[in-house]
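If you're matching them up, the sequences are chains B and P in order.
Read left to right, the first sequence gives residues 52 to 346 (the working numbering).
Read left to right, the second sequence gives residues 18 to 638 (the working numbering).
The set of hints was computed from the structure by calculation and includes no laboratory data.
Keep in mind the model is a prediction, meaning the values are calculated, not measured.
Think about it this way: if two alpha-carbon atoms lie no more than 20 angstroms apart in a straight line, the pair counts; the simulated SDA-like pairs of lysine to any residue are:
id, chain 1, residue 1, chain 2, residue 2
1, P, K47, B, A135
2, P, K47, B, E139
3, P, K319, B, E128
4, B, K78, P, V315
5, P, K272, B, E139
6, B, K78, P, S358
7, P, K380, B, P95
8, P, K379, B, G91
9, P, K319, B, M73
10, P, K20, B, G140
11, B, K78, P, V279
12, P, K351, B, S94
13, P, K265, B, A135
14, P, K272, B, M99
15, P, K353, B, E119
16, P, K379, B, P95
17, P, K380, B, G91
18, P, K379, B, S94
19, P, K353, B, D86
20, P, K374, B, S94
21, P, K319, B, R132
Spelled out, the chains give:
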Amino acid sequence: MKIRIKFRKQGIMKFIGHLDIMRYFQKAMRRADVDICYSGGFSPHQIMSFAAPLGVGLLSNGEYLDIEVNSAESSAEMVRRLNAVMSEGMEVLSYRRLDDSAKSAMSLVAAADYVLAFRPGKEPEDIEAFFAALSEFYAQPQIPVMKKTKSGEKEMDLRPLIYRMERVWAVPDEERPAAVSDCVGVSERPSPLAAATGPVRIVPGMTAPSGKELPVIVSGAVNEPSDAVFLQVCTGSTDNVKPELVMNALYDFMGLELAPFTFQAEREEVYADLGGSGEGSRNLVPLETLGEDIE
Amino acid sequence: MRKLALNDEILLSVQQPARYIGGEVNMAVKDPKKVATKFVLAFPDLYEIGMSHLGIQILYDMFNGRDDVYCERVYSPWFDMDKLLREKNIPLFALESQDPVKNFDFLGITLQYEMCYTNVLQILDLSRIPLHAEDRTEDDPIVIGGGPCAYNPEPLAPFFDIFYIGEGETVYGQLFDAYKANKSRGGSRKEFLEAAARIPGLYIPAFYDVTYNSDGTIADFRPNNPCAPEKVTKELVVHMDDAWYIEKPLVPFIKVTQDRVVLEIQRGCIRGCRFCQAGNIYRPLREHSLEYLKNYAVKMLKSTGHEEISLSSLSSSDYSKLPELIDFLLDEVKGKGINISLPSLRIDAFSLDVMSKVQDVKKSSLTFAPEAGSQRLRDVINKGLTEEAILNGARDAFLGGWSRVKLYFMLGQPTETEEDMKGIAYLSEKVAETFYDLPVEQRQKRVQIVASSSFFVPKPFTPFQWAKQCTKEEFLRRAWLVRDTFQEMKNARSLKYNYHEADLSVLEGVLARGDRRVAPVIEEAYRRGALFDSWGENFDNDRWMAAFDACGVDPDFYTVRDRDLDEKLPWDFIDAGVSKEFLKREWKKATEGTVTPNCRQGCAGCGARVFGGGVCFEDKN
Numbered sequence: 052m053k054i055r056i057k058f059r060k061q062g063i064m065k066f067i068g069h070l071d072i073m074r075y076f077q078k079a080m081r082r083a084d085v086d087i088c089y090s091g092g093f094s095p096h097q098i099m100s101f102a103a104p105l106g107v108g109l110l111s112n113g114e115y116l117d118i119e120v121n122s123a124e125s126s127a128e129m130v131r132r133l134n135a136v137m138s139e140g141m142e143v144l145s146y147r148r149l150d151d152s153a154k155s156a157m158s159l160v161a162a163a164d165y166v167l168a169f170r171p172g173k174e175p176e177d178i179e180a181f182f183a184a185l186s187e188f189y190a191q192p193q194i195p196v197m198k199k200t201k202s203g204e205k206e207m208d209l210r211p212l213i214y215r216m217e218r219v220w221a222v223p224d225e226e227r228p229a230a231v232s233d234c235v236g237v238s239e240r241p242s243p244l245a246a247a248t249g250p251v252r253i254v255p256g257m258t259a260p261s262g263k264e265l266p267v268i269v270s271g272a273v274n275e276p277s278d279a280v281f282l283q284v285c286t287g288s289t290d291n292v293k294p295e296l297v298m299n300a301l302y303d304f305m306g307l308e309l310a311p312f313t314f315q316a317e318r319e320e321v322y323a324d325l326g327g328s329g330e331g332s333r334n335l336v337p338l339e340t341l342g343e344d345i346e
Numbered sequence: 018m019r020k021l022a023l024n025d026e027i028l029l030s031v032q033q034p035a036r037y038i039g040g041e042v043n044m045a046v047k048d049p050k051k052v053a054t055k056f057v058l059a060f061p062d063l064y065e066i067g068m069s070h071l072g073i074q075i076l077y078d079m080f081n082g083r084d085d086v087y088c089e090r091v092y093s094p095w096f097d098m099d100k101l102l103r104e105k106n107i108p109l110f111a112l113e114s115q116d117p118v119k120n121f122d123f124l125g126i127t128l129q130y131e132m133c134y135t136n137v138l139q140i141l142d143l144s145r146i147p148l149h150a151e152d153r154t155e156d157d158p159i160v161i162g163g164g165p166c167a168y169n170p171e172p173l174a175p176f177f178d179i180f181y182i183g184e185g186e187t188v189y190g191q192l193f194d195a196y197k198a199n200k201s202r203g204g205s206r207k208e209f210l211e212a213a214a215r216i217p218g219l220y221i222p223a224f225y226d227v228t229y230n231s232d233g234t235i236a237d238f239r240p241n242n243p244c245a246p247e248k249v250t251k252e253l254v255v256h257m258d259d260a261w262y263i264e265k266p267l268v269p270f271i272k273v274t275q276d277r278v279v280l281e282i283q284r285g286c287i288r289g290c291r292f293c294q295a296g297n298i299y300r301p302l303r304e305h306s307l308e309y310l311k312n313y314a315v316k317m318l319k320s321t322g323h324e325e326i327s328l329s330s331l332s333s334s335d336y337s338k339l340p341e342l343i344d345f346l347l348d349e350v351k352g353k354g355i356n357i358s359l360p361s362l363r364i365d366a367f368s369l370d371v372m373s374k375v376q377d378v379k380k381s382s383l384t385f386a387p388e389a390g391s392q393r394l395r396d397v398i399n400k401g402l403t404e405e406a407i408l409n410g411a412r413d414a415f416l417g418g419w420s421r422v423k424l425y426f427m428l429g430q431p432t433e434t435e436e437d438m439k440g441i442a443y444l445s446e447k448v449a450e451t452f453y454d455l456p457v458e459q460r461q462k463r464v465q466i467v468a469s470s471s472f473f474v475p476k477p478f479t480p481f482q483w484a485k486q487c488t489k490e491e492f493l494r495r496a497w498l499v500r501d502t503f504q505e506m507k508n509a510r511s512l513k514y515n516y517h518e519a520d521l522s523v524l525e526g527v528l529a530r531g532d533r534r535v536a537p538v539i540e541e542a543y544r545r546g547a548l549f550d551s552w553g554e555n556f557d558n559d560r561w562m563a564a565f566d567a568c569g570v571d572p573d574f575y576t577v578r579d580r581d582l583d584e585k586l587p588w589d590f591i592d593a594g595v596s597k598e599f600l601k602r603e604w605k606k607a608t609e610g611t612v613t614p615n616c617r618q619g620c621a622g623c624g625a626r627v628f629g630g631g632v633c634f635e636d637k638n
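Use the sequences and the hints to build the structure in full.
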């Protein structure tokens, strides 16, 4: 039986690379007593594959892996069992059965959503100007960029690979200034830094209760969460667009250099493309919708 | 969410940020504010090494079993992180709460090998704890050392408040109780150390004075505080099944050296190899019961999800219920994709049968540890492995499909002659001949034999503790002689010979048998940049030699000098169970080439019987 699992990767788990996440899930399957299928031979391995590797440093609310099992209880029970053995920051969201003929998540990946939030202290001085420039950037018919390949660099047009690019508002609708609320498409997604999952800052020179002078550690977003960038880009084995490539192009367009650690990126969803009627039209569906809950 | 001590910019700019974030599966989570005692356990080496260590996992779990203690962990930051912590002025922190190490009540550092000593100083330094115990204030953690190197703690004496001599499962509870009691009556650091000195197995170096003779040997070593005993007796677990063991070992996110469940089947060894410190200090041999091991094997596999379980002991073949245990494990892991690894097995018909069931014969290799090239020298070191047993085992293995053999030797052991050295090549050649003598249809096409030799380092509490160590030049001369002999062998193309670094072994020799006068050298070497010395590529011998020079300490005094049997040794104040009389007898028998039977063949009267358990009482049950 083929199963698709959706999970979140939050908090400290963003520091764990893709290969280690694979090992993590192999062990988690045993801890949760998932009746997973093994390959034969002297070093049997679990039948397991991941949709799209997530870079180190990125958070996610929508990661996928496929497994094959000999038997499974209800989706609710399997989600419960897996979550009982997860470490902090990892959360299984769904466990759904696929058709036996279903293609793997890896081969289906077509697009992904990202939200890029300014890290505290890294917000642009004029946020309205920033988003105005973003609208102009996105409105271009072509966006030529240099992409690194195995044999050097080649020019490519990034524009057709960006499916959506919008402002995400940190404040609720009614508090928004009317003048700007009808610029490019607006998403209602919360900024990832609005949750208390942000980075940690060290404030030097503070004094501990004992009177010792120590760097005191304070958690996360001390600044007000600021507006963020929503991106939907082409993802997969042929044209894989990383959000950082788009942001670099945006900053180039603005005549600025993108400083490292300006944004905290979070992947929100990964899609398959079921195809539309016309040439180049898309019908993107979240990978989990291709499976069904087990009652 | 737990907060981290480091920001993303730091964590994403170092190799393996997972070394510094904690949060692993089965990590203990407590509110540091709600416990009386905060303990941080340090393994002074890289995370990947430290996380592989069973002892730390046992103590971590045991300490956290107490509601009034929160035990956390810290490992040596790698060079990249070391640099960043210093540049950005960030104090070293524990993984669980991410709180600075300096804010803890205890810093416990395990001492598993001598070459980690500069890393001990790094941990203190980065934690901003004064390196010298005498400079610490009421606000500093109590720094306590343990592990095998605590059997000669003297080279580290100035840096520690307490050393715990022996197995950690026994008296930490008493120590925590004493700490709490002292704190609640407002007692000072010194008062606490005095209370600790009264607990068996604990050694407080500041409570002892050493004087030296004009020839540099120790004249006198005696307590300067009425609370400190003349002799400190090692602590040990008498009945293994009563000792604390882990049900939920930590599971790291990244691949570590020992990425598997470790099941300790027994402690100690009956063999009595005369060079082996572990075989002496862990006496007597004590087994776990079969039922106990079955229970823990199942629980630990379940709680970790590891894909491999390894049996741990000094000589697994000596475990009396081994066939039953292996049958159980084979049955238990069937169809679950779990491997069984069986290190330290003697190669014979039984072990070959078991290994063919648990591993891919074509891909795995056989390991023999003859330790010496000739029967004469094997008798000197009391290694009860004969050439016949090696060749018979190899023949059976070749018939079973194996074609890769590893042979481990040691160069520079007492009385070694050129014939003994050449014997390393001769024995390897005989293993190759054994292979090619078999009909070609009954074996693989080619055999690959890899012989490795390390250099002998005399260790405290072994019969060889009086032995003269070779100089670096002599070590290399011997290694080259072996290497050249290998080239003369008929099957040279099937043989490969490796040898370790000689200067590292010489330094290890100084640290292993050093006294308090070696401490300034360690500190000076650290100041000059020595760190991660056990990692060959980071070891800089010149830096160490310059440190010896700067401190006016002659390394030869500790290595190549002849020691008189009556000399006061730096570790003589420790009672490790094996008596000095026994070690002397064994040293004498070694020079005569006389073997001593193992504990099950006959009691050699080593002295460990006084502990009242283990193999010494086996047939009396």
